[in-house]
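All chains should be modelled from the sequences, with the hints used to inform the complete structure.
Listed below are the residues making up each chain.
Protein chains: 2
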Amino acid sequence: MITELKENYGYLFEDALLNEINNVGTFKEVPEGYMLMDIGDYIKSMPLLVSGAVKILREDDKGDELLLYFIERGDTCAMTLSCCMGQKKSEIRAVAETPTKLIMIPVEKMSEWMSKYKSWQNFILQSYHDRMTELLEAIDSIAFLKMDERLFKYLKDKAMVNRNDEIQVTHQNIAFDLHTSRVVISRLLKSLENKGKIILNRNNIKILDL
Amino acid sequence: MITELKENYGYLFEDALLNEINNVGTFKEVPEGYMLMDIGDYIKSMPLLVSGAVKILREDDKGDELLLYFIERGDTCAMTLSCCMGQKKSEIRAVAETPTKLIMIPVEKMSEWMSKYKSWQNFILQSYHDRMTELLEAIDSIAFLKMDERLFKYLKDKAMVNRNDEIQVTHQNIAFDLHTSRVVISRLLKSLENKGKIILNRNNIKILDL
DNA sequence: TATAAAGTGTAACCAATGTTACTGTGTGCT
DNA sequence: AGCACACAGTAACATTGGTTACACTTTATA
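Read top to bottom, the protein sequences are chains A and B. Take the first sequence: its position 146, counting from 1, is numbered 146 in full-length UniProt numbering, and each next residue is one higher. Take the second sequence: its position 160, counting from 1, is numbered 160 in full-length UniProt numbering, and each next residue is one higher.
If you're looking for bench data, these hints aren't it; they were derived computationally from the structure. The hints are all genuine.
Below, a sample of chain B positions facing chain A; criterion: calculated Cβ distance under 7 Å:
hint	residue
1	Asp60
2	Tyr128
3	Leu135
Each computed DSS-like pair below joins lysine-lysine, with the alpha-carbon atoms no more than 25 Å apart:
hint	chain 1	residue 1	chain 2	residue 2
4	B	Lys28	B	Lys44
5	A	Lys153	B	Lys62
6	A	Lys89	B	Lys118
7	A	Lys116	B	Lys118
8	A	Lys146	B	Lys62
9	B	Lys146	A	Lys146
10	B	Lys153	A	Lys146
11	A	Lys118	B	Lys109
12	B	Lys89	A	Lys118
13	B	Lys116	A	Lys118
14	B	Lys109	A	Lys116
15	B	Lys153	A	Lys89
The beta-carbon is built from N, C-alpha and C at its ideal position, and this holds for glycine as well.
Put into structure tokens, the structure is as follows:
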């Protein structure tokens, strides 16, 4: 684990902290689609992403979903953190977008390190800031963009975290993430294809205009 | 200033910290409508709200606005904080919703106190968590509610921060906050009035179903 | 290979919201 | 009083997005 740690977090944390993480953290590897956290869960540990990507979703009372953003390597989930501290329930759902490797840190340490290591403190604050920025971006998309623009942005973001200009996804699953219907997505995808921005195939979309 | 400080933050901070705040903070009183911060501003100090309320807005490229949430007494703006630390620009606009009193803390102190006072650390983390929760609530409203539900929620929130079941506002200004058009708001307000939920008058809306 | 299931394309229709345009009515000012 | 202006009501219409329905194709599986 120490190798992965140094590779992804070595530039952030001093050796003493890296060693502490190595001692108390547990390595975890999950497949695509694995649900790391659900709405209402109580959280006992915080994840540091080593590789892969995790998508963060919001859900309403009726069970309708909405994709908020992706978390990638070198990042953490700041929500976890504040949930841990206040013993609160998770407000969001986290699902592995790709096969993902993480290091789980027990809650107690997290707060202890806040005072002990300046670098940890900065990391946590930076993480909060990044997450807020991404929430704001999500708000921009929903509030200011039309569905076709949101869709194209979604495709590009997804291609980004998958590091591939071809993404494997069904129209139905896109509809879930964007909180709309399959028919609407099919219609808009076809229109994007006609404009030469993508190429459609069963379970596969190639993005041309990245 | 020390009186207001103790009244609003005494239960949170130890005396030593209250004294430090008293020494370095500057008291500020602004009228309704005063813009405390704009998008793109560099921030040099962080506000602690003593009384009143501040509304936080997002804006897109075309200048269209959207209300995110209100900040009230006993609260701070966590965005400010992360902006300060990273020397980044503000992502949001802050406008006094009512006459407002605040204490401004210079950036340097903020980060110094993070290590020095556990209570300050908790306050900051709590504030981040609260702000994220409110952003999520904003997302819920935009993504999952219809315009008439959003409107009624808006009216209730506004009544809350104004501590009054009658709010003074024009249909046009509501339209700005909810990022829609005046005609749509007038139409929906009239429908809410017909349902017996509000009473409409020029520049004034009384909320019955609080 | 037969059959079922999942995925996609598309038409027709509906509902919600946005737009344009015009009317009337208070309010403040001269 | 007379005038200008901000504010509100409302009709008519356009657009976007959501819904229903059905046909067709590919993939999985008995």
